[in-house]
Amino acid sequence: MPIDQVRMTQATDTDTDRVVAALGGASFVADRRRQLAGGSGVLLAAWHEAEAVGCVYISFEEADEAELRERRPGTPVLHRLLVVEHLRRQGIGRRLMQTAENVARDRGCARMALGLDLDNIDAERFYRRLGYTEWPYGLLDTFYIATVDGREVRVPEQCRVMEKHL
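In case it helps, our numbering puts the sequence shown at residues 1408 to 1573.
No lab work stands behind these hints, which were simulated from the structure alone.
Note that CB positions come from ideal geometry on N, CA and C, so glycine has one too.
Do not take every clue at face value.
What the hints assert, rightly or not - Pair ranges (Cβ atoms, derived):
| no. | residue 1 | residue 2 | range |
| --- | --- | --- | --- |
| 1 | F1550 | I1528 | 17 to 25 Å |
| 2 | N1509 | E1468 | 31 to 39 Å |
| 3 | R1487 | D1513 | 19 to 27 Å |
| 4 | G1515 | V1555 | 36 to 44 Å |
| 5 | R1425 | G1445 | 15 to 23 Å |
| 6 | H1572 | R1476 | 12 to 20 Å |
| 7 | G1481 | R1441 | 13 to 21 Å |
| 8 | Q1497 | R1535 | 27 to 35 Å |
Please construct the entire structure, taking both the sequences and the accompanying hints into account.
The following block contains the structure:
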């Protein structure tokens, strides 16, 4: 599929349900609905015709992690860059990232940050090609949400932080 047949939009409430149906992440999006409704979060979606083929979430609220809040106050954080598997490596992720950076610039932000799993070498290479570098403060203690015995729990983990001056 030619990349020019893919359009980027800010997902509406109705679109959000379609993005989740295509790409997963229902608990993540449910947790972010307040941000989305209040404008402190943006879900960008990539569409081919009426099908969601990619997404990325931008949080404009202060980060959950104290170290990130203290060292990079006011910096938006990217979450869940996803592209459907059969369309990866065709420029959709790059266009989602460029769109996210433009949204942040339009809001007056000078930098963007993201957390990266320690062993995700492919993603690291991708972000480096886009101009992201690892922040100088080492690993970040963070968490992810897991469902254990029918309830959601925070599971501690570490990640690398990458950032870009916009």
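Each hint, compared with the structure:
Checking the proposed 17 to 25 Å range against F1550 and I1528 shows it holds: the Cβ atoms sit about 22 Å from each other. Separated by about 19 Å at the C-beta atoms, N1509 and E1468 break the suggested range of 31 to 39 Å. Distance hint check: the CB atoms of R1487 and D1513 are about 21 Å apart, consistent with the given range 19 to 27 Å. Checked against the hint of 36 to 44 Å, the C-beta distance between G1515 and V1555 comes to roughly 40 Å, which is consistent with it.
At roughly 21 Å, the beta carbons of R1425 and G1445 sit within the given window of 15 to 23 Å. Take H1572 and R1476: their Cβ atoms lie about 19 Å apart, and the range 12 to 20 Å holds. A hinted range of 13 to 21 Å holds for the C-beta pair G1481 and R1441, which are about 19 Å apart. Look at Q1497 against R1535: about 19 Å separates their beta carbons, and that is not inside 27 to 35 Å.
In this structure, the earlier hints numbered 2 and 8 are contradicted, and the remaining ones agree with it.
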